[in-house]
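The whole structure should be built from the sequences, with the hints applied where relevant.
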Amino acid sequence: MSLAVQHLWLIPALPLVAAAIGAVVPRRARAVAAGAAIAAIASSFVLSCLALSGALANPAAHLAFNFDWFCVGEGALRLGWLLDPLTAFMCVMVSFVSTLIFIFSLGYMREDENFKQFFCFLSLFAAAMLGIIVSNSLLLLFISWELVGLASYLLIGFWFTKPSAAAAAKKAFITTRIGDLGFFLGILWLNNAAGSLLFYDGGHGVLEAATLGTLSAQVTLGGLAVSTAIGLLVFCGAIGKSGQFPLHVWLPDAMEGPTPVSALIHAATMVAAGVFLIARVYPLMAADQALAHAPFHALTAVAFIGAITALLGALIAVAQNDIKRVLAFSTVSQLGYMMIALGVGSWVAAIFHLLTHAFFKALLFLGAGSVIHASHHEQDMRRLGGLSGPMRITFATFAIGMMALSGVPFVFSGYWSKEAILHAAYEWNVSALPLIMALAAVVLTAFYMTRLVAEVFLGKPRSAAAQHAHESPGVMTVPLILLAACSILIGFLGTPAWPWLESALTGTPVEAHSLLEGASLIVLSVLLVCTGIGAGWALYARRPRETAEAIDPVEAAFPRAFAFAAARMKFDELYAATVGRLNTAFASLAAWMDRRVWGGVIDLVARFGEMAGRFNKETDDEGLNTGFNAASEELRTVGKFYSRAQTGEAHGYLRILALGFVVLAILAIMGGGR
Amino acid sequence: MTTALLLLICLVTLGSAATAMLLRNLIHSVLLLIGSWIGVAIFYLSCGAEFVAFAQLLVYVGAVSMVVLFAVLLTRRSRTDVTVSADTVSRAWSAVMAGGAVLAVLLYGALMTTLPAASAHGPAAPVKQLGAELMGIHAASLLVIGMILTVATLGSVVIASEEPSGKKEDAP
Amino acid sequence: MISSPLQLCLVFSSLLFCIGLAGALSRSNSILVLLGIELMLNAANLNFIAFWRFGPAPSPATGVIFVTFSVAVAAAEAAVGLALVIAVYRRQRNIRLQEAVRLKG
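Chains as they are written, first to last, in my numbering: chain D, 217 to 890; chain E, 1018 to 1189; chain P, 490 to 594.
For the record, the hints were derived by calculation from the structure and aren't laboratory data. Take the hints with a grain of salt, since some may be wrong.
Said to hold, decoys possible - Non-contacting residues of chain D with respect to chain E, defined by C-beta distances greater than 12 Å in every case (computed):
1. K387
2. V691
3. L880
4. A881
Stated by the list, open to error - Covered stretches of chain P (chain D as the covering partner; in silico rule of three or more C-beta atoms under 8 Å from a C-beta of chain D):
5. 512-526
6. 565-571
Stated by the list, open to error - So the derived list for chain E, only partly shown, Cβ under 7 Å to chain P, looks like this:
7. L1023
8. L1031
9. V1119
10. G1139
Because the structure is a prediction, the values reported are computed rather than measured. From the three backbone atoms N, C-alpha and C, an ideal C-beta is built for every residue, glycine too.
Given below as structure tokens:
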């Protein structure tokens, strides 16, 4: 067991090595880069399965391996990795989905000239994502978190020559950065309050009872418990990364990246990192539940934000025309569901939905990728149609994904995980609002997914691209089939009749509920699903769209609301007008200060230097040089004067000699000589 | 020697010297100077310094005068050009003044100091003793003097010789 | 006034010296200047012999030897001087001392 924990680092390390290989090989070595990436991620999958088997042997234990990273004075920064069922399930899911998407990319990106870079970045992303999952230290998690953000930036802006792609990458990075700021503040506060950032450390870890007791006992401003405050700050990071309201604006724009990227990062894994983070630090978030007089509970905020996001995403998705944008807002909405689950107290339901969502959302995105590839990058669904004929496998698997997402009962995994969430929301005694909003979103989800399938696959082809579409090659359809199978089968891990996943994750045995428990809610949700699918069928499948320009039935009925939703509820414009303008104002102020104030100071110093130099020069010129010159001239004049004695006449010299002798003699006589 | 004899020698020597300095004919000056040198030699004899007297005669009267005469002959432009041009009066007066001043000082020194009493017979300086001392105590000085004379001879030959591209001397 | 023969000799040599000096200073012919200088040297030699003869008893031969050397040096000097005169004559075609002022500074 300890062997598994000690070598857990291999799971993120292997893709990192593949990324390094992909970085250094030349551009032509496509096979080497892709081969290394796929081999690495497949090996990580195998290791993850081994780790899972190890973790399931003792589900309640959190096995950690910690070490000192570097020593700072007395203390040291410690890092470590953790093996528990949550880690193991996530690793398996991430590595499996990544492997399939890597294989899909072999076909999708074949014509792209930056093929090698793509696999390098994909491997980097996989390594960082797995790093988030296995880490036992909030610091190591944050490091991997930032690396994931970097990989996302590189991959969204992969076609960087397109201005919209470059702008989207920048927007994603900056928006998640805003969330990461709160996250980092939370880390700093936690380190200061608890003295450590390790999750499980033999009783001293941050998620263990002793520290949590201290943290929830301390009170900060507004009567808020310290654990609540830290939890809310950490949740900021999750808001950014998982595209929750109000930081959801980057996710739709991130669809500028290639479709495999959208599938891997913005559906299955990276956006789920926020959910995973909250699930990981759940003991911290829930520490204030036991307090009697806490003014505010962290999980309440989580629940409400999740609820708002779920409804918001669904509403906007109804009015979108680009396949990938529909799926993007669908992702936003489903992440909201996961946050609802976390907020109302059932992290197990959240993780269950995360796992199932990963599979069917990846499936939907890859299916969309297949469609886009076949129709030569035509993404507007008004211009597609009738693809069910030529693209049978894609249509079948896409339909399975759609039904899983909509929550078609009993067969598909999406139904079971969504039911778990609705039940947990039902049993929440703080407010019924999340439940109501979630139920509304159920209808909308079913509706817009039906709309999507109908417009893309049914009816007649509405453009040349759609007419000439053909099925994608095997390297792209085989992953679709595998994911479709998983979308069905995974669901059975968490049915109330056999709550295997719950007991595996928590480590406590959970007894099976009967299928009829909470029957009213089951009936209600099934009814809602049928309503949604029915409405969609009626509007879009029975009378399919004739031409690309024909008006959408919903748009015809509610033109202003439809336009508002189509414009993504104008969030981007709102942010540009407020935060954007504030930022520009600050930047102008800073620029002015730099130019005038600091520049003025430096200018002044330079002037002083110049003056000193000039003074020096003048002194040297006037004082020294002139002085010397004058002295030298004087010397010369004196010399000239004295050289007049050199007459050259011998007589003169002799005369002077004689007279000089006389003078000397007189002096000698007068001085007392004899 | 009696004072009268001394006085006579003095007068003769001084007279011929003064005249030599005043004449305008160069050869006459030289000849008169020879006379004064002979007077000095007689003085030496009267003092009992025979060796010096003969040395004086040999060197001055015999050699130096010849050299001077040769120089005179070699530095004239024509056969009759042995008279020197007149010097200015101011030069003469300044010379007399300078000479007079020096004379005054020297006479003061000579007359005002108390001189020791003279012995009756002067010291004897036999030539043999002179020779022994020259080769003995003063041998080094003798060598130096020899060197000086050699160098002077050579030097004067070099200085007075014609330049390689030099002009020929005027034909006499 | 002249109390001893020594004094007489000293006066004699002083007069000879000054005659030589005055002659050297006043004449412009280089040869005559050299002759004046010879007179001055002779006067000095006279002084030596006077003191040798009439002065207090010195060592027997010092004065004589000194004067011998002096005569030799004077002869050498006369030779060199006259060679110079010839050289100067070659350059300026006469032997006026006032014209030989090329070392004027």
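Structure-based check of all given hints:
Interface exclusion of D:K387 from chain E stands, the closest Cβ pair being 102 Å apart, more than 12 Å. Separation of D:V691 from chain E is adequate, the least Cβ-Cβ distance of about 110 Å exceeding the 12 Å criterion. Not every Cβ of chain E is farther than 12 Å from the Cβ of D:L880; the closest lies at roughly 9 Å, contradicting the non-interface assignment. Listed as outside the interface, D:A881 is inconsistent with that label: its C-beta sits roughly 4 Å from the nearest C-beta of chain E, within the 12 Å cut-off.
Closer than 8 Å: that is the beta-carbon criterion, and the region 512-526 of chain P has 4 residues meeting it against chain D, so the requirement of 3 holds. Under the rule that three or more residues need a Cβ within less than 8 Å of chain D, the assignment of the region 565-571 of chain P is violated, with 0 such residues. With a least beta-carbon distance of about 6 Å to chain P, the hint placing E:L1023 at the interface is held under the 7 Å criterion. The criterion of a C-beta within 7 Å of any C-beta in chain P is met by E:L1031, whose closest approach is roughly 6 Å, and the hint holds.
With its C-beta approaching chain P no nearer than about 6 Å, E:V1119 sits inside the 7 Å limit, and its interface hint holds. At a threshold of 7 Å, the smallest CB-CB gap from E:G1139 to chain P is about 4 Å, leaving the interface hint in force.
Hint violations for this structure: numbers 3, 4, 6, all remaining hints satisfied.
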